[in-house]
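Go by the hints and put chain B onto chain A.
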Amino acid sequence: MIDISPSVMQFLLAFLVVGPLLGAGAALLPAPPGLRGKSPDQAVLRHGVTVTAALLIAAVVLALGFDHDQPSRMQATTDISWIPALDVRIHLGIDGISLPLLVLTALLTFLCALYSYFSPPTGASPKAFTALLLVLEAGTIASFAVLDLLLLFLAFEMVLIPMYFLIARWGGARRQAAAWRFILYTLLGSVVMLLGLLLVGLRAGTFDMVALAIDNGRSLTVTVQVIAVLAIGIGLAVKAPMWPLHSWLPDAHTAAPTVGSVLLAGVLLKMGTYGFVRIVVPVAPDGMRVFAPYLAALAVIGIIYGSLACLALARTGAKGDLKRLIAYSSVGHMGFVLLGIASMTPTGINGALFANIAHGLITGLLFFLVGAVKERYGTADLDTLAGATGAALYGRAPRLGGLFAFAAVASLGLPGLAGFWGEMLALFGAFRPAEGLSRPAFLTFTAIGAFGTLLTAAYLLVVVRRLCMGRGPTAIAETGTRTAKAHGGAGTPSRTEGTPLADIRPYEAAAWAPLAVLTVVAGLWPAVLLGLTDPAVQQLLAGGNQ
Amino acid sequence: MTAATTASAELVQSVDWAAIAPPVITAVVALVALVADLFVPPARRRLLGWTAIAGLAAALLALLPLRAGDRSTFCLTTDPATCSYTADHFTLAVQFLVLGGALLTALLALTETEPRRDGSTGLPAGEFWFLLLSSTAGAALLPASRDLATLVVALEVASLPAFALVGLRRGDRLSGEAALKFFLSSVTATAVTLLGVSFVYAATGSLHLTGVAEALPRVPGQLGTLATAGVALTLVGFAFKTAAVPFHFWVPDTYAGAPLPVAAYLSVVGKAVGFTGLILVAVIAFPAYADVWGPALAVLAALTMTAGNAAALRQSAARALSAVRLLAWSSVAQAGYLLVPVAAAAYTGAAAVGATIAYALMYAVVNLGAFAVVALVARTHPAKRIADFRGLYADRPAAALALAFFLLCLAGLPPGIIGLFAKVTVFSAAVDAGLGWLAAIMAVNVVLGLSYYLRWTAVLFRAPARAEAPVPAAAATVSAGTATAIAPVREPVPLPLAAALALTTVAAVALSGYPQLILTFAARNLF
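The listed protein sequences derive, respectively, from chains A and B. Counting in my numbering, the first sequence runs without a single skipped number right up to 768 at its last residue. Counting in my numbering, the second sequence runs without a single skipped number right up to 586 at its last residue.
Only chain A is shown next, with the shape it has when bound in the complex (with noise of 0.2 angstroms):
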């Protein structure tokens, strides 16, 4: 859009990947005269917030001097030598695929930055909360920005430690156990992953993604293609998740904190179906020809899967937790996603890729707003908070009960915000698949994706109904005072009946504000994302000619 100079672009690609690293260095030394602030612990957070800003103005002019007339060609593009030993090379480059990824990265930490700034974390110390957080943003816009197979796998293993210590040490009940879930699980995916990388990059003889993608498979028997499709899928598959590689995603998201909660739905998930389109599609494809249908059986069982133990959880006595939930929901989504991928078509892709984007914004967006009920509410169990008649948002707080439904509709795909493109797209592709996919069984796959998004629109209408609706402050205000009186005051209804409860907060509003708008811009100009990826899923699909 705005002309900058290939250097610059280069600048600020590099400073998107080191510049988290380096202000996480200077988080953990003491701050300088001058920046002390009113104590330690607030000089810390509001570093974070300023780093993140600056990276998030970074990535904003870098999106803005993208050239969008030639999406599909890798810009500001660096390409040094780091270990000639293993062909290493640091080579990093956007294009109209990793783009908007790379701008939901760094738009998500500033958010969460921002939030744990007026909300600090409870637990150990924000010094150390803030470097990893930075780390944890290094590590991710990196897997968005590398072009080496091997620099990938390194951006992978980066964000297992900030994410495993976020989780262990700020996280809520049962931390510990979910903590090693995650990083166990994600471990042993990525060093099978690992192992298929080596392959693919051993046989073709280069690591270079770029190369990978334009050679198309051609240099690898179709042996080769199918054990590293099968060892880099099960990787990608662990991170994305898919089921049944997903139960450590539940136990995760209930425990980790907010803002664990919000990177891991809204960023961390989406590098697995990024290595899908980025690696596996292009480099692989008759190794991704042959487990295309497996991927999307599986993907479908996923959707229904999820969305039916999302019902389970929103029934009334299953004490189910709202940030399980959430996080089942998110089996589900990305079921469409891998959905979308396994078609092989362009449309499918696109379609994978806007959901991966609408994902982030309404998944980070919901479990902002879990957290805030947890917050005021001291639980996000649904039976406790919904009590015999719902929650009552809508009365107590109303715009934090608005805000939640509109996430909810937007979770379930209504038309016209950012949801909806992305799944009806992937069920497009899979309606009608590649060349040489097997047509019945993706019509099939079709039938069963479109029966799960009426699951998916039953479980969040139902919890909508439960938390949102419900007898509100002035019906049950004479009850209210009565129980009040009756249990002499001892409390404990009153939190969780009739009083109202804090509304928004302003800097709550500032963080959540973008994301809803992002999915209503999204929801209704669906060309601004589709145009940047198209062109680059075609060239992909087409073994990157020109």
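Watch out, some of these pointers could steer you wrong.
Stated by the list, open to error - Mimicking SDA-like on lysine to any residue, the simulated pairs with C-alpha atoms at most 20 angstroms apart in a straight line are: (1) 349(A) with 261(A); (2) 349(A) with 455(B); (3) 349(A) with 454(B); (4) 349(A) with 585(B); (5) 349(A) with 312(B); (6) 349(A) with 450(B); (7) 349(A) with 517(B); (8) 349(A) with 460(B); (9) 349(A) with 376(B).
Just so you know, the hints here were simulated from the structure itself, not pulled from any lab data.
Quick look at chain B alone, frame taken from chain A:
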């Protein structure tokens, strides 16, 4: 030297003194330390330690002129291409590892040889430095030796002082028991090796590794069994030194019973000795039997890493010496990773062992670093339990961050980038050799390994136990001057220990930033 005796009488061999300088300097300084011990008054025993350190540094410097990697000496006068001592890149890399490892061990040991605060004497200085340097001289000679006799002699020169080092702590029952265990199992292995070597010599008529390699495929039929038995026995003997399963049982008890610097020495230099020997005999002398030892070593590697990790996982943090035991078992597991490229060399050629060297160098740096932090913590918590490391970050942030970094390097996770890429080279050697199953087993093991390294790392950053149950008496005793307000029971770190910690940290960080420094060994043929 053997070559000297086998040389024909008609010509006097010329010796390339520069080439053999690294082991020779070490051996000479060892003797100097032993003799000087008689004359130096007890108050100045510390000089011995610094002499040893200076000697090791000099030996390291002596490697510099050799860096072209084209020297060899003690060659046959009849065949100048067959030499007993070769200073090629492989030799130099291993000598660098051995001498550097010994130097760091010496820094760790410097405080141990001084009288303790509680009045008991430390390790006897003269003996300790003599034994350490002798063992190092043997270990430095080993990678250069290119005939079976020199190899066995070097192996014994490296091992025999090590037994004594393990048992050096006078009046310590555990130490004596550890030394005995180590001695008995090691001597058995040596006997087996010698038997194997004699069989190989009988079958091939040559002691030079290249001669054996040439003769093995042409062994007459009636000697075939003898040759096979010889090869198998020789390999078994060296496998013991690498602490590969099922010859690993001595490791945890020996490490736990030995003085801490000696355990560190064994885990790095002792291991390097075994691997160099194994690589030399397997890859250079026995390539004809690659179809036998290749799969056998692959199976050994898989068993070793699995057994080591499984046992390390079961270490309870509250048990006495659990930190040392965990490092001991983890060293068994790491030996499994080190074996993978050696097994791969059977399929893809000798260049694959470069990955072992690169990995061993990484392992040496971070493992010695970890031992340095354990030594630091052991000054205040002699039980050496993992539980003692709780809250180390609050007490000594720098040491805690360093240990966390070393442990993550061992686990192979960022920010331990060098550990990650060292593992990648090992994986890549296995995948390249078509050993997919071994790579898969190693993948599972890497995850197992992570779980105990990370558990230890997490302990470092937990709130210190002291905060819950304050001990006012402890604070009162140390309040004299040096202690800072942050950590009431904090003592100043002794200079040598701080130097060792700083050296390993700087090396590990530098390697993480520029892994090419050691991965370069993985990319070329070292022989």
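Are residue 349(A) and residue 585(B) close enough, with their CA atoms no more than 20 angstroms apart? 46 angstroms, violated
Hinted pair, alpha-carbon criterion (20 angstroms max): residue 349(A), residue 460(B). Please report holds or violated. 14 angstroms, holds
Pair hint residue 349(A) and residue 376(B), alpha-carbon separation not exceeding 20 angstroms: 27 angstroms, violated
Mind checking the alpha carbons of residue 349(A) and residue 450(B) for me, to see if they're no more than 20 angstroms apart? 16 angstroms, holds
Can the restraint linking residue 349(A) and residue 517(B) be considered satisfied, given a maximum Cα separation of 20 angstroms? Judged against 20 angstroms, a Cα distance of about 16 angstroms means the pair holds.
Need the status of pair residue 349(A), residue 312(B): alpha-carbon distance at most 20 angstroms? This hinted pair is violated, its Cα atoms lying about 41 angstroms apart.
Does residue 455(B) sit within 20 angstroms of residue 349(A), going by the straight-line distance between their CA atoms? With Cα atoms ~16 angstroms apart, residue 349(A) and residue 455(B) stay inside 20 angstroms; holds.
Given the hint that residue 349(A) pairs with residue 261(A), test it: the Cα-Cα distance must not exceed 20 angstroms. This hinted pair holds, its Cα atoms lying about 12 angstroms apart.
Given the proposed pairing of residue 349(A) with residue 454(B), does the C-alpha separation stay at or below 20 angstroms? Status holds; Cα separation ~16 angstroms.
The structure fails to meet hints 4, 5 and 9 from the earlier list, while all remaining hints are met.
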